[in-house]
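Please take these sequences and the hints and turn them into a complete structure.
Listed in order, the protein sequences are those of chains X and Y. For the record, in the first sequence the residue sitting at position 91 is 91 according to the UniProt record's numbering, with numbers rising by one throughout. For the record, in the second sequence the residue sitting at position 76 is 76 according to the UniProt record's numbering, with numbers rising by one throughout.
Accuracy of the hints is not assured; some may be wrong.
Said to hold, decoys possible - To give an idea of the interface, some chain Y residues facing chain X are shown, with a C-beta separation under 10 Å as derived from the structure:
(1) 8
(2) 12
(3) 173
Unchecked claim - Simulated restraints, written as ranges between beta carbons of each label pair:
(4) Y:197 - X:77: 37 to 47 Å
(5) X:40 - Y:80: 35 to 45 Å
(6) Y:129 - X:56: 29 to 39 Å
(7) X:18 - Y:100: 20 to 30 Å
(8) X:28 - Y:172: 29 to 39 Å
(9) X:85 - Y:175: 31 to 41 Å
(10) Y:77 - X:7: 26 to 36 Å
(11) Y:77 - X:37: 23 to 33 Å
(12) Y:161 - X:93: 45 to 55 Å
(13) Y:126 - X:85: 44 to 54 Å
(14) Y:267 - X:7: 40 to 50 Å
(15) X:73 - Y:10: 19 to 29 Å
Said to hold, decoys possible - Here are some chain X residues the structure puts well away from chain Y; computed CB gaps all over 12 Å:
(16) 6
(17) 7
(18) 17
(19) 26
(20) 31
(21) 32
(22) 34
(23) 38
(24) 42
(25) 51
(26) 71
(27) 82
(28) 86
(29) 88
(30) 89
(31) 91
These are calculated hints, taken from the structure and not from any lab test. All C-beta atoms in this analysis are idealised placements derived from N, C-alpha and C, irrespective of residue type, glycine included.
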Amino acid sequence: MQVNEASILADITEMLQAILGDDAVDGEITMATRFQDDLAMESIDVISLAGRLQVRYGDRVNFAQLIAGFDLESVRQLRVGQLVEHIVAALDGADASPGKAGTPA
Amino acid sequence: MSMVRANGLSLHVEQLAPPDAVAGTVSGVHGAAPTAVLIHGMALDTLASWYLTLAHPLAATGLRVIMYDLRGHGHSERPPEGYTLDDFVDDLAALLAALDVTGPVHLLGNSFGGTIAFGYATRYPERVAAIVAVESSPPIAAWFERVVQQLHGAATYLPREDALTEIRAERGEWASRRARLAREVLAATSLARDLPTSRLPSEERIAAIRCPVLWVYGGDSAVVELAPDVRRLLPEARIVTVSGQKHTLLVDQPSTVRDIVLSWLRQECGVHPRRPDTARLGGRDGQDQRSAPETIH
Chain X
1 MQVNEASILA
11 DITEMLQAIL
21 GDDAVDGEIT
31 MATRFQDDLA
41 MESIDVISLA
51 GRLQVRYGDR
61 VNFAQLIAGF
71 DLESVRQLRV
81 GQLVEHIVAA
91 LDGADASPGK
101 AGTPA
Chain Y
1 MSMVRANGLS
11 LHVEQLAPPD
21 AVAGTVSGVH
31 GAAPTAVLIH
41 GMALDTLASW
51 YLTLAHPLAA
61 TGLRVIMYDL
71 RGHGHSERPP
81 EGYTLDDFVD
91 DLAALLAALD
101 VTGPVHLLGN
111 SFGGTIAFGY
121 ATRYPERVAA
131 IVAVESSPPI
141 AAWFERVVQQ
151 LHGAATYLPR
161 EDALTEIRAE
171 RGEWASRRAR
181 LAREVLAATS
191 LARDLPTSRL
201 PSEERIAAIR
211 CPVLWVYGGD
221 SAVVELAPDV
231 RRLLPEARIV
241 TVSGQKHTLL
251 VDQPSTVRDI
261 VLSWLRQECG
271 VHPRRPDTAR
281 LGGRDGQDQR
291 SAPETIH
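Structure representation (structure tokens):
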């Protein structure tokens, strides 16, 4: 699991640098990094990250399911760890059934 | 997320595929799925407003959902110039071509996004299956006068040093951050200068739009004052007013707007939610109360 987490964190770090620019990502991205408080991200930045992760991990991970409970303000309060845990759980899960609603194309 | 090259610009696009079982998609090919394009508003808006409200419920009905950041907004490229209605319509047409969308699309627009939808429909009427416009107007002079007045007011006020502090004190952190986005867009682009020079379609062309149209207004918003013009130009359109709501109706009352839109799509366009459980995605249940009464015209 550690290997999974480490590689997912590396992916997210790379994506955040692409979205926000290298200067905005000051220091190491960890499971505890908060999008709003640590990275000053807007909701559109979080959605952009989720979109990139969806392209990276495909239908095996349903980000719609994760994001659906949030609104424009609360989505910024997500932590990197919540995304990582969601991805790990989805990749570990035996149920990778296709056809879930709202899986990004 | 992907960046799509359209009309000479790099546009930020997010897409949701319908459930495979509903749309009959094969290996990621969307041939059979009807398409909805969600267009956000001017200056202080991004595709996030749609993504976190109606995007997932629409995908659950079997629609392929496309959202994009308008030029100059969100993560799309921000050219310094080129912000007339025709520029926005050209972007939409080029984006759909780049994404191989060939059949008629359902256009959903929030505020000025609805105006872009109507601008597109006047130029390409055969390519539009239906229009849903939230807190919006077709491209008519009375509406542009309002939008231009707002833009000029914002362009004058927002650069002031204490503007964001004042907005934060009066209307909260969220309003202040939206104002900061608008300030950045207005400072870096000719939007406020270009929009007033837009070539508007004739009222005859607007009145000639034949696809089903739904208007959703907030009862306490200034935009609802344009509803009589809408009714005059498009007497067949459905107009729903949600009492007590303002211009930010979509993000303030996502569940209410979702119920109105999905019900209308079902009745007027034969779009049915195939999976009621997943159709509720996209708005926090209980977040907004369904208590706001609606008036249907």
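Structure-based check of all given hints:
1. For residue 8 of chain Y, the suggested interface contact is broken, since its CB lies about 22 Å from the closest CB of chain X, more than 10 Å.
2. A distance limit of 10 Å between C-beta atoms decides the matter here; for residue 12 of chain Y the minimum to chain X is near 7 Å, and the interface restraint holds.
3. Because the smallest distance between the Cβ of residue 173 of chain Y and any Cβ of chain X comes to about 8 Å, under 10 Å, the interface hint for this residue holds.
4. With their beta carbons about 41 Å apart, residue 197 of chain Y and residue 77 of chain X fall inside the hinted range of 37 to 47 Å.
5. The given range of 35 to 45 Å is broken by residue 40 of chain X and residue 80 of chain Y, whose C-beta atoms sit roughly 25 Å from each other.
6. At about 33 Å, the beta-carbon gap between residue 129 of chain Y and residue 56 of chain X stays in the expected band of 29 to 39 Å.
7. Checked against the given bound of 20 to 30 Å, the beta carbons of residue 18 of chain X and residue 100 of chain Y, roughly 26 Å apart, stay inside it.
8. At roughly 33 Å, the beta-carbon separation of residue 28 of chain X and residue 172 of chain Y lies within the given 29 to 39 Å, and the hint holds.
9. Between residue 85 of chain X and residue 175 of chain Y, the C-beta spacing of about 33 Å keeps the proposed range 31 to 41 Å intact.
10. Range check, residue 77 of chain Y to residue 7 of chain X: Cβ separation about 31 Å, and the 26 to 36 Å hint holds.
11. Between residue 77 of chain Y and residue 37 of chain X the beta carbons are some 29 Å apart, a value that agrees with the proposed interval 23 to 33 Å.
12. As the Cβ distance of residue 161 of chain Y to residue 93 of chain X is approximately 52 Å, the hint placing it in 45 to 55 Å holds.
13. The hint said 44 to 54 Å for the Cβ distance between residue 126 of chain Y and residue 85 of chain X, and at roughly 48 Å that hint holds.
14. Separated by about 48 Å at the C-beta atoms, residue 267 of chain Y and residue 7 of chain X satisfy the suggested range of 40 to 50 Å.
15. With their beta carbons about 28 Å apart, residue 73 of chain X and residue 10 of chain Y fall inside the hinted range of 19 to 29 Å.
16. With a least beta-carbon separation of about 23 Å from chain Y, residue 6 of chain X lies farther than 12 Å from that chain, consistent with its non-interface assignment.
17. Every Cβ of chain Y is farther than 12 Å from the Cβ of residue 7 of chain X; the closest lies at roughly 20 Å, confirming the non-interface assignment.
18. For residue 17 of chain X, the condition that its CB be more than 12 Å from all CB atoms of chain Y holds, with the nearest at approximately 14 Å.
19. The Cβ of residue 26 of chain X lies farther than 12 Å from every Cβ of chain Y, with a closest approach of about 20 Å, so its non-interface assignment holds.
20. Every CB of chain Y lies more than 12 Å from the CB of residue 31 of chain X, the least distance being 22 Å, so the non-interface label holds.
21. Every C-beta of chain Y lies more than 12 Å from that of residue 32 of chain X, the closest at about 23 Å, which supports listing it as non-interface.
22. Separation of residue 34 of chain X from chain Y is adequate, the least Cβ-Cβ distance of about 16 Å exceeding the 12 Å criterion.
23. At the 12 Å boundary, the C-beta of residue 38 of chain X stays outside the reach of chain Y, the nearest C-beta of that chain being 16 Å off.
24. Listed as a non-interface residue, residue 42 of chain X fails to keep its Cβ farther than 12 Å from every Cβ of chain Y; the least gap is roughly 7 Å.
25. For residue 51 of chain X, the non-interface assignment is contradicted: its Cβ lies about 3 Å from the closest Cβ of chain Y, within the 12 Å cut-off.
26. At roughly 6 Å from the closest C-beta of chain Y, the C-beta of residue 71 of chain X falls inside 12 Å, breaking its exclusion from the interface.
27. At roughly 16 Å from the closest C-beta of chain Y, the C-beta of residue 82 of chain X stays outside 12 Å, upholding its exclusion from the interface.
28. With a cut of 12 Å on Cβ distances, residue 86 of chain X stays outside the contact zone with chain Y, its closest approach being about 15 Å.
29. At roughly 21 Å, the least C-beta separation between residue 88 of chain X and chain Y is larger than 12 Å, which holds for a residue marked as non-interface.
30. At roughly 18 Å from the closest C-beta of chain Y, the C-beta of residue 89 of chain X stays outside 12 Å, upholding its exclusion from the interface.
31. Residue 91 of chain X, annotated as away from the interface, keeps every beta carbon of chain Y farther than 12 Å; the closest lies near 19 Å.
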